[in-house]
Structure formats: structure tokens, C-alpha cells
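Just so you know, the sequences run in chain order A and B.
According to our numbering, the first sequence holds residues 1 to 510 in order.
According to our numbering, the second sequence holds residues 1 to 318 in order.
Since the hints were made in silico from the structure, they are not lab data.
Given the structure is predicted, the values throughout are model-derived calculations rather than measurements.
Glycine included, C-beta positions come from ideal geometry on N, C-alpha and C.
A portion of the hints provided could be inaccurate.
[Said to hold, decoys possible] According to the in silico footprint, chain A covers these stretches of chain B (three or more CB under 8 Å from chain A):
#1 13-25
#2 119-126
#3 198-211
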Amino acid sequence: MNNRHIYILAALLTVLGIGLFTYKAKVLGFPVRPQQQTQTWTIEAALRFDPGPAAVKATLRIPSLTPGYSLLDENFISRGFGVTTYIAPAGREAQWSVRQAAGPQTMYYRAVVYRDETRLAEDTTPPFPTPPELDEASQLALEALIAEVRRQSADVASFTVQLLRRINQGDQDPYVRVFLKRGDTQADRAQLATMLLAGAQIPARVAHGVFLRSAPGAVQPESILEVHDGVQWLYFNPTTLQQGLPPDFLIWWRGDDPIAEVTGGSNLDVTLAVQENLLPAMVVAERRAEQSGSHAVDFSLFALPIATQAVYSVLLMIPIGALVIVLLRNFVGVKTFGTFMPVLIALAFRETRLVWGILLFAIIVALGLLIRFYLEKLRLLLVPRLTCVLTVVVLLMVAISIVSQKLGLQPGLSLALFPMVIISMTIERMSIVWEERGASEAIQEGIGSLIVAAIAYLVMGIAWLEHLMFVFPELLLLVIVGALLAGRYTGYRLLELRRFKGVLPEHLAQ
Amino acid sequence: MFWRARRLKQEGVLGLNMRNGEYILRFNPRSRYPLVDDKLRTKQLALQANIAVPPLYGVIRTQHDIRLLPDIVREHPQFVLKPAHGSAGDGIVVIAGRSGSRYRTIGGTLLDEESLAHHLSNAINGQFSLGGVQDVVIVEYMVQFSPVFESLSYQGVPDIRVIVFRGIPIMAMVRLPTRASGGKANLHQGAVGAGIDLATGVTLTGVLGTEVITHHPDTGNPIAGVKVPDWDTMLDIAARCYELTGLGYIGVDIVLDRDRGPLVLELNARPGLAIQIANRQGLLRRLQICEQRADFNAPPAERVAFAKQAFKHPVAAA
């Protein structure tokens, strides 16, 4: 198997792993950090009106095209009303209807939105608007105004700004004064601008929305002017002339109509409210994947029962621990008892915490060794002897747990998770090394194993890593890549640099 | 640190990763490992190929066979018990004689019948084999100390390790038992390794652990300058062990017997790297010289001739 083959395989796995990871993190918004929370806003519209004697129909315009934001959830709350939603020319509308109602009625529309950069103003290029029908004086004023503004501007954007500036001057502008009849709210100005822009053959519309700032009580809708320059929609604040859509502005509805209308009722009052909340990022990502029809969530670990999830969140860390072993063995050159024994010890440390884990492990192995040396005298056959050691290890664990319970030491109880079979084998191996190669080598290898286990524990305990592995199990492909590359590492191990120094001619015997 | 790595590379020192990745994995087919991992099979193969080995007295295969030991060794007051799958000298017991009903080990310890039987039973159950698999114990001839290394050994029998790359001996050392090694010729256990000039068979400096030494720690005699007898025979035996096993990177362990001359003790498919410190020379350099210039298909005598010519101490960088 030549190296190129391995590099290609490694590259493929890397691309696959990183690709899946990026897709899930960027497109589906799976959280990259643990306990990551996504800012969401609950927007609410409350409609109040007094119903008349006959059938009542209340229409509420609800968000449909919301650049920069996506809808996570929405619901309609009312008593006894039927609700339908449909697409009207200006956007989505909800209609409550009832044949008969008594007393003041209140109904709520509630939606949860979250920031979504991928969401753009995705509607198609609008047709050229029909010029407004005006009387002759107004027509003349309009044409003169357009001619003047056009002279002072270069493109659609500057035309719009110039026009809005004149509108804001109000009475002082001789042409604008002609049109200023209908009041002077922000919405009126925006409406006026759309009409004047229509006269200049520029498609424009008024968008109404709310600023997503957590505010107690009701918020007032604000208006913004949307102008199409032939390529995309441009946004203008009709009062401040600021161009661009403010990042925290949620467009609720469009057009000249009010947000809600009621037929068969009176005293309509609409209040809007905004509430900021934080939801776990995973919840938002799941909903989003659901809405976009992606199966990433169906096939993620979140589809499993909670208990199984907990098991996997631990299991997924084992390859990471194994990779640590690879590094320490093949790059540093540390000797351990058994290849992956330290990983299992490290898993046990998760329950006992590090210091207690090392302490308890040392106690059990030391006591186990004593027993093992005694058993050696009895000259038992190998497997029965191993069984004895295993049983003694279990008894020791029970004893330590009971004693620590009496002493009120909590960590002694979590001992039950120690891999006793592995410990028994370690004791057996250690005693053989002890006899064959001497105590120092046995203790050295034992300490080496403990150090490796401690390092593996620390690495496997990184909460962020654990979260990453659980949410993005495809990152394990990168562990394979690491192992593949390490498998072809033929350079020196760190400890060999010291071991072989005697070969160098400059290092002479003392 | 990187400077040290570069210097080691310049000196052609072979690291464990490269030994495993570039040589053992490449030249030692897995299917042939049993030939060397099982010392009994190695012995039988060597006998077929007319390579001298310590004579076999008997084999203890089962728990039941243990009681046959007194019969097997009735004619032989001195013998060696060796687990067929033991690694790094683990589990080997050398019996140098008897005191009454008890056996006396080379280290002077007295073992009664029962403790020897316990040891045998452990060995059969795989205590000393890789992976703890069932094993058999070989009972064989105890090599008689050749006086050549008397001044350089503390009890025990020194043996000679030759690294053979695709049939060409590339480096050799003699392993000298010390008090610390308990009479065993095993570097792990504290024996001294002394490099040998491949061209002449004369010893060079020694290594104890990772330290270079010039004198034997127990006898105090200088290590360098001892001529190994029958050197050409040893090289020839080592070279022929390649045909025996088909393994491209092996360590051949040869012992020098007073009466029988060089005997092959065992072959090792994962020979250690300390031999480099004993020779104060890198293995990689010699491996590369072989790969560049050697004719691996030549008969053993020609391969030995190449080795003696190419690896006269000190070997310069290619």
C-alpha cells in the first residue's frame, strides 16, 4: 500500500468529514459550541374589536417575506373563530371568521422568528408601475418634481434619497406641497414616495414592520420604503433617509393597507409586542432542518432515545482517547500496559474525577498486586488465578465503596464503573513484568499507563470536543484521517531522541 | 530537539516507527511469523536446512506431560526449559545441575519438582506467550559456555545477534549477561550489548541500557577487541536463515557452544534497535546501502562476502 493511496483516502475522508460538518454547521445551523443559544423573538399581534350582530371577519396581515429572518413557529389563538391563512397579492394574510360573536373579542397571532442570513428578499423583479392618475395641476407638479429630482441624481438610489428629502421638507417645497394632504406620518410619507416613484416609472412599495428589540408593552410599527432598482430591492428610511435594511428590522406586511381589518365589527385595535428569547441552538436547528426538508436531523443522534444518546456521547469520545494513545505511543514513545487500557481507565475517571481516580486505581492495583504475589505462592493455573484476581478486585471495589460511604467520601461510590476485567489483566501483566524484568520496569510502565490515562481523560473531558463529536459524529472521519497519517509516520519518537543519543559520535562515553 | 532528530537521521539511525512501517510491514509477511514465533518450528526448520541448533530433548505440550519431565531429563543433568512462544527471553529457565531431588538454576536458585511444575504449567497456559495463547515448552540442550567470553560474562551464556536484511547480515552484536540480568543475555533485563565489526568479527564498545560503556560492569574487563571465533560460520548461518523463513528483516540469535560451535537459538521477526547503540552506528544507513547496491538473489556465500566488504566498521554515509 503506497503512501499516495493513503493520502488520497485521507483527503477524501477529510473532505467528506469537513463537508458534512460545514453543511450542518453553516446551512442547518447546528451549534458548534456547547450550550450555544440562538436568539429568537416572539412577535405578537393582538386584535381587539367589538363584534356587530352579524357574521364577523377579521383579517390580519402576517409576515411572509422577511429578509434576514426566518419563521420558526407561528400560532393563532382565538375563541370560537375559524382561522385560515392564504396568500394575498401583498403577502400572507390570516382570516378569523365567526358567524356570531358576543362581547369584545381578542385574538392573537404569535410567531417565533430567528435571524437567518441566508434569507434574502427573494421575490421576482416587479413590473413597471402604472403612473398615478392625477388632476392636471398635480400632474404638472409631478412632472416638474421628477425632472428636477432626476437632474440632481445619478441612479435609482440617489433619486429616491433626493425625492425623500424633498418630501421631508413638506410645505416648504413648492411641488411636494401639492401632494401633502393626507397627513404626515412616516407611513404617509412612504406612501407618497411610492406614488411619486411610480410617476417616474420606478417600482416601489411600503413595508411595515417592527424593530426586534425587547421592549415592554406595545411597540409601534414603523414603515420603510422599498425601491427596486432593476436588480434588487433597496431600503430607505423615509424620515432619516438612511439607506439599507436595519439588521433588527422585521418586515411584517407590505402595501398601503393597515395591518388588520375587520368587517362586521367595530373599534378595531391592534397592538404589537416583541419579546426576545434564547432557545437552545439545537432546537432551532432541528426545526429549521425540518422545514427545509433535510434529513440531517432524522439521521443524527438526536433521533435516539435520551438514555441511548447519553451512552453515545461517551462512546463517541473513545476514538478521541485512542487517538491520544496513538500520539503518545507512536510520536512520544510512552510504554503502557495493553494498547487501549488507558482509554478505559480514562473513561472510569469520568465518574471519579482525576485525582480520586488515580488514587483509587493505584490503591486497587497495589492491593491486587499483593494478592497476586500471594496467589503466586499457591501455584494456581493461569485462568483460575486470573479469576481469583478478578474476584479480589471486585471485592476490593466493594470494600472501598462501603468504607468511603461510611467516611462520607463521595468519589468512592463511583468506583463501580472501573473496568475490573481490564484492571485484573493489568495486575496480571504487571506482576509478570515485575518478576521477569524487575520492579522498576513494572512500576515505570504502570506510571506510564496512568499518565497516558490522565492525558486521555483530560482530552476526552473537553466539553466542547464532546459536544462537537455528538452533534457532528462525521468528525470521527477526521480521527480516522489522523490515525491513517500517524500509521505512516516513520520518523523518530520523541523518547528515541534520548534513547539513541549514544549512537552519535559526539556523544562519547564518560 | 529537532537538531537531535536531524543528527540521528544523518547518522542513519533507524527508529521504531520506521522499522515497523518501512521494513517489518514491508518485508515480513504475516503468514511467515509462526515460523519464528514458534521456537519449536524454527528448530525443526533449521534442522531440515542443516543449520545447527541446540539438540531437543523433549517437548511438554500438556499439563499431563509435565510429569514426564524427570524422564525427559534423566540423561541430562543440565537442560533449558523454553516456552515455544515466549518473547524477549521471558519464561526461560536454565537448569545447571541438581542438588538431591532439587534442580539448581544457572543463577544458583534451588527449585523443587513442584515449583518447576508450576512454572511449566504457567508457561503451557500462555503466561509468557504473546496474547496469552496456549503454549508448549521445549526441553533442550544447555549450551556450554565457550571460554571466549568468559572475561566478559557474569554467569549465563552470551549470545550473538545478527540483523539480516533480505539475506544479507547487516549488523551484529554480542549480548553479555551481567549480575543485573540474572545471567540472561537479554538487553531488557540488564545485559550488556557489544557491537561487532561485521568484517572481522571483533567486538566494539558496549551499551548498557542506553548508555555507551567500555568495560563490563561486573568483570571490569574491556569490552572492545575480542575476536569472535567461527565468525564466518556465524555469518553464513545468519544469511541462510533468510531462505529458512522468507522473512526479510530478522534478528538471528546464535550462541557459541564449546563443543558444538555456533548454534541458532531463535529467530526474531521484530528485532530490537539497541544494537545500533552497541555498534554506535545506524541501521538505516546499512539498510539503504543494501537497497542501493546489494544483489538479494545471490547465494548466501556471496551475500556474506558483500556484507563483509560493505560493512567494515565504521561504515561511512552512502
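Whether chain A covers the stretch 119-126 of chain B (at least 3 residues having a Cβ closer than 8 Å to its Cβ atoms): Holds: 4 residues of the stretch 119-126 of chain B have a Cβ under 8 Å from chain A.
Coverage of the stretch 13-25 of chain B by chain A, judged on three or more residues with CB within 8 Å: Holds: 7 residues of the stretch 13-25 of chain B have a Cβ under 8 Å from chain A.
Coverage assertion for the stretch 198-211 of chain B with respect to chain A, Cβ distance below 8 Å, three residues required: Coverage by chain A holds here, the residue count being 4 at a Cβ distance below 8 Å.
This entry satisfies every hint, going by the numbered hints stated previously.
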